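Engineer: Protein chains in written order, with the working numbering: chain Z, 1 to 527; chain Y, 1 to 158.
Hints are computed from structural coordinates only; laboratory data are not their basis. These numbers were taken from a predicted model, which means no experiment stands behind them. Warning: the hint list may mix true and false statements.
[Said to hold, decoys possible] Stretch-level coverage of chain Y by chain Z, calculated; a stretch enters the list once three of its residues show a Cβ under 8 angstroms from a Cβ in chain Z: (1) 21-32; (2) 60-66.
[Unchecked claim] Straight-line Cα separation of at most 27 angstroms, DSS-like style, residue types lysine-lysine; simulated pairs: (3) LYS135/Y / LYS518/Z; (4) LYS172/Z / LYS58/Y; (5) LYS121/Y / LYS520/Z; (6) LYS227/Z / LYS208/Z; (7) LYS121/Y / LYS58/Y; (8) LYS135/Y / LYS525/Z; (9) LYS518/Z / LYS109/Y; (10) LYS332/Z / LYS109/Y.
Don't be surprised by glycine CBs; every beta carbon is placed ideally from N, CA and C.
The primary structure of each chain is shown beneath.
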Amino acid sequence: MNHRMLASGNEAIAMGAKACGVNIGVGYPGTPSSEILDVFSRLGGVAQWAPNEKTALEVGIGAAFANGRSLITMKHVGLNVAADPLFTIAYSGTPGGLVIVSADDPGMASSQNEQDNRRYAVAAGVPMLEPADSQECYDFTIRAFELSEQFRCPVLLRVTTRVCHSKCILEKRDLETTPRTGKFDRDPKSNVMIPAYARIAHRKLRAKLHELEELNEKGEFTRWIRKGDELGVIATGISFQHVRDAAPEASLLKPGLTYPLPLETIRRFAASVKRCVVVEEGDPIVTEAIRAAGIPVEGKAEMFRFGELNVNRVRRLLAGDLTPETPPPAGKPPQLCLGCPHRKSYEALRDLGCIVSGDIGCYTLGVLPPFEAVDTCVCMGASVTVGLGMRKVLPEAEARRVVSVIGDSTFLHTGINGIVEMVYNRPATGHVVIVLDNSTTAMTGLQEHPGTGRKLDHTPAPRVSIEEVVRGIGVDNVDVIDSTADPAGFRELVSRRLSSNDTSVIIVRRPCILALAKAKSYEGKNK
Amino acid sequence: MEKTTNITVAGLGGQGVLTVTDILAEVLFRAGYDVKKSEVHGMSQRGGSVSSEVRFGKEVASPMVPEGESDFLIVMEPTQVEVNRHKLRAGGVLITTDDVPMERLSNPKALNTMMLGALSKHFELSEESWLTVIKEFLPEKLHALNVEMFELGRQGAR
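Chain Z with its partners taken away, still in its complex shape:
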């Protein structure tokens, strides 16, 4: 078997998880994390898509309470959804290994914000590993599970777009661990976070972090490259690679376990060079932590907080060059595919003059010409509830123009809560929610979801029916229509529902043209 190969960071994480006997992988698709579970499944691992990231983490926590190893994957904004379980499981921990992959997107290649999830490690008190290439993705994944079990705490594996999607040489170990059989030992003082037990657990957590810091000082996770003593650079994650090119003469310190930081090692490194600069993408988190420890280091100028770093930007950062950066020539922006079923829906909403509360998915592209038919977009599931808020405040004539537009996967993610809100706190003018159901999670690469009738590996699964869900919640009118086959009928239906005071859900159902051929081949195999 060939152990040396080119692999992306996402592939390396999946291979690491397979090598160390992960019982279950759970996640919700999101660029740049989406490929991890697909690869883990193809390697023979048990992997499943959850309806959302909170659900995914909780399933993973259960598996780890039962002494299994679970890998949870999501993009950075997904951890906002999963933050509730994260902060408490940090206190109690689990006997089985629990590793959460947070795939951040500095520069927003495909995201609505560029939040820096390293803040979550600090806020929740969760140790964090930051790989800088595929080899480290593989090695750190395996080590993350060991640390999680040794210290009985979840571990955050924080990666970024360039680490996830860049391919480089990976050398796999001769390691193939069979997932262990689960068992449950009753231990309410550790596992039930009532205040009396949580007070103890919080103190334990802080003691664990102190032990982890001591372990980190031993150097296992840190690379110290000794060059000249004029310039020393402390860099984490992908920034480390850029610095190697931008300043080959500099001594380099790269912590891999970046929370809690090895501050005494950093102190020695800083003292060994005449000038010490911290190079990190996003927020100046490492810089602030080092300075708070009383170690004098230079940080970066504010302009480098925004976007990805690269070799050129690191050169400028180190040279203190603050002249404005010239943006690269604009390429062709992404657009809704020709033949995309969302096109007819947006043409109608544009022509009807609707105020459109939008959501996260391909259909957010309806904001661009020729449609220009999306008016707000915040986060997964927000279309329904933001639309309801508008209806509560706008004068009647304006309120009647408000529609919420949400995709099928996004609806099942966090849209259902909004329908409950709509039925419970119904606006005087009612409301209209349009579910653009293209029967796939299109934006992130055509993953399955609970409404497609297929599991992550495309084998058959029970199908959750969106129309039955909304009927069950108590929506007045539920219609299913194809706006491409019947554009006039769709327009008429939307107008009619907008003019009533009813609560309405219109499901526009037509498969994504990119998914169509694949779906047919899966259905053929599943017969």
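Following the hints, complete the assembly by docking chain Y onto the known chain Z.
Structural biologist: Frame of chain Z; chain Y shown alone:
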């Protein structure tokens, strides 16, 4: 070769930019080089501009080609040439659809292997080393077409 060589491949979503860069990276990896490949997935799938980068040499650090330091720039779509030109270093090699026999392109989906053929002339690697990887990365029914287009690209425009 001590210095890292930088290659950028650009085009539009759906043209096979990412596939052909995967093939290129694998060929160079098997030739014994350190190789890194970088690209951005996601919204670019929807017909927008796509570019992918390969760096190879004795030891490669950053997976991203520094701005203006591409030794080779392959652009598969005429409208994307000017958008990407700033990536090419002074004296670097630009390969466009003008450098391949477009009149003999029998299927637009194989333009990527034709362009790869044009690039392949610049490296001292056997034709076989390219064809082996092309066949491994593409389904069998596409082998004949892509081998032909690669060879046409390697011969160059008339």
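Engineer: Give a verdict on every hint.
Structural biologist: Hints and how they fare:
no. : hint                : result
1   : 21-32               : holds (count 4)
2   : 60-66               : holds (count 6)
3   : LYS135/Y / LYS518/Z : holds (22 angstroms)
4   : LYS172/Z / LYS58/Y  : holds (20 angstroms)
5   : LYS121/Y / LYS520/Z : violated (41 angstroms)
6   : LYS227/Z / LYS208/Z : violated (34 angstroms)
7   : LYS121/Y / LYS58/Y  : holds (21 angstroms)
8   : LYS135/Y / LYS525/Z : holds (25 angstroms)
9   : LYS518/Z / LYS109/Y : holds (18 angstroms)
10  : LYS332/Z / LYS109/Y : holds (20 angstroms)
In summary, the structure is inconsistent with hints 5, 6 from the numbered list given earlier, while agreeing with the others.
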